[in-house]
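**Student:** Hey, can you work out the whole structure from these sequences and the hints?
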Amino acid sequence: MNRSFRPWKRFVGSQPDVIRWILIANLVYFALSMLASRQLQALGAEAPAWGPSSEALYLGGAMVPHRIVAGEWRRFLVYAFLHGNLLHIGVNMLALYQLGHLLRQLVGSWRFMTIYLVTGLIAGAASFGWAVFKTSGDLETARFSVGASGALFGIMGYTLGHLRHGRDEFSMRLKSSLTFWLVINLAIGLQLRVVDNAAHIGGFLAGYGLAHLSDMHRLGLWQRWVRRPETGAFLTLLTAVVLVWNIAAWVGPDGREDRRALGLRELALDYVALGEGSARYLDDYIARAEALSRDELLSDGAGTFLTVFKTERDRRAGRSFSPIEALRARSRLDAILHDIHARLGLLSGFAFRRSDE
Numbered sequence: 001m002n003r004s005f006r007p008w009k010r011f012v013g014s015q016p017d018v019i020r021w022i023l024i025a026n027l028v029y030f031a032l033s034m035l036a037s038r039q040l041q042a043l044g045a046e047a048p049a050w051g052p053s054s055e056a057l058y059l060g061g062a063m064v065p066h067r068i069v070a071g072e073w074r075r076f077l078v079y080a081f082l083h084g085n086l087l088h089i090g091v092n093m094l095a096l097y098q099l100g101h102l103l104r105q106l107v108g109s110w111r112f113m114t115i116y117l118v119t120g121l122i123a124g125a126a127s128f129g130w131a132v133f134k135t136s137g138d139l140e141t142a143r144f145s146v147g148a149s150g151a152l153f154g155i156m157g158y159t160l161g162h163l164r165h166g167r168d169e170f171s172m173r174l175k176s177s178l179t180f181w182l183v184i185n186l187a188i189g190l191q192l193r194v195v196d197n198a199a200h201i202g203g204f205l206a207g208y209g210l211a212h213l214s215d216m217h218r219l220g221l222w223q224r225w226v227r228r229p230e231t232g233a234f235l236t237l238l239t240a241v242v243l244v245w246n247i248a249a250w251v252g253p254d255g256r257e258d259r260r261a262l263g264l265r266e267l268a269l270d271y272v273a274l275g276e277g278s279a280r281y282l283d284d285y286i287a288r289a290e291a292l293s294r295d296e297l298l299s300d301g302a303g304t305f306l307t308v309f310k311t312e313r314d315r316r317a318g319r320s321f322s323p324i325e326a327l328r329a330r331s332r333l334d335a336i337l338h339d340i341h342a343r344l345g346l347l348s349g350f351a352f353r354r355s356d357e
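Under the numbering used here, the first residue of the sequence shown is numbered 1, with each subsequent residue one higher.
Calculated from the structure, these hints are not laboratory results.
Simulated restraints on C-beta separations:
| no. | residue 1 | residue 2 | range |
| --- | --- | --- | --- |
| 1 | D295 | G13 | 49 to 59 Å |
| 2 | L27 | R6 | 24 to 34 Å |
| 3 | F170 | A342 | 46 to 56 Å |
| 4 | G71 | L238 | 10 to 20 Å |
| 5 | R228 | G137 | 32 to 42 Å |
| 6 | I188 | W21 | 27 to 37 Å |
| 7 | Q98 | D300 | 45 to 55 Å |
| 8 | R280 | G71 | 35 to 45 Å |
| 9 | G137 | R20 | 34 to 44 Å |
| 10 | Y281 | A240 | 44 to 54 Å |
| 11 | L102 | D300 | 47 to 57 Å |
Listed below are the simulated SDA-like cross-link pairs for lysine to any residue, each with C-alpha atoms no more than 20 Å apart in a straight line:
| no. | residue 1 | residue 2 |
| --- | --- | --- |
| 12 | K310 | L269 |
| 13 | K175 | I201 |
| 14 | K9 | V226 |
From the three backbone atoms N, C-alpha and C, an ideal C-beta is built for every residue, glycine too.
**Tutor:** Structural data, given as structure tokens:
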């Protein structure tokens with residue numbers, strides 16, 4: 001029986017370079033999101049030169065509040081391994097390399113992983129909570145979030161908390177430097193709408209709180225749970241499983257439905273425009289629907305749009321059409337529009353307009 005646990009004990013007893021593991025995971029996810037951007041370009045998504053598209057990040061595991069409510073809890077973790085562009089991942093990985101190696105030397109590999117992953121999760125929860133508050137529960141209009149900075153603020157918070165009683169020259173200089181960068185980053189974040197300040201603040205407070213908890217010996221919680229190397233090793237393996245699972249979901253049936261919704265988005269926008277009186281482009285809408293109906297992934301939904309557009313053209317031209325078939329097509333179309341809105345939220349154009357009001 002004991003022999004079966006020997007690999008686990010050796011794993012827990014080691015001190016691996018976990019910083020390298022995190023760097024590799026982030027780089028792999030960045031490469032996959034860039035590849036997905038190029039593939040989604042054929043469905044109407046943009047393909048930025050220096051980073052993945054919003055669509056690729058959204059579908060690939062970003063912290064999307066309404067998708068989390070729908071049951072995709074893995075996004076609370078996966079979002080921290082996705083980044084918006086080369087500058088974003090470059091700055092974050094440089095900070096991870098510098099701050100991470102420092103904290104790892106202070107607390108060891110597995111406790112570092114516990115701190116990094118737990119503060120990243122709490123940062124995601126803070127971002128989610130702020131989205132609920134800011135949108136009054138209308139989560140489909142909430143912005144989504146990506147990036148490791150919440151966990152990095154957690155590292156910063158823990159390091160400051162860990163050294164809060166230090167009076168030696170090294171501790172004082174390090175605390176001064178970290179405090180300076182903390183203030184600068186928070187100030188920059190308050191000036192930029194694209195920065196998720198809730199995640200940054202939540203991650204920092206979580207890290208500082210964990211460090212403070214280490215002094216509460218009477219609780220025993222820190223010693224029994226957070227300090228144990230088994231906790232960090234278990235969370236590391238669990239994270240690896242979740243990241244692989246997310247990739248499988250990304251390319252699996254559910255991901256296929258997301259890509260289908262994305263491919264039909266332009267036709268949905270055409271339909272909305274048609275309802276707002278923009279009939280002069282009706283021939284263009286029909287041509288786009290005919291082109292997309294030849295795609296195996298989009299054929300059924302695009303065919304429904306095509307029927308509705310042609311019926312509208314015939315009605316406006318005074319030609320005869322089948323009212324029953326038109327009613328059936330519009331009924332199917334309502335379900336398609338609901339699915340697009342439910343899956344894409346802000347990425348569906350009609351949701352963007354609601355968000356701007």
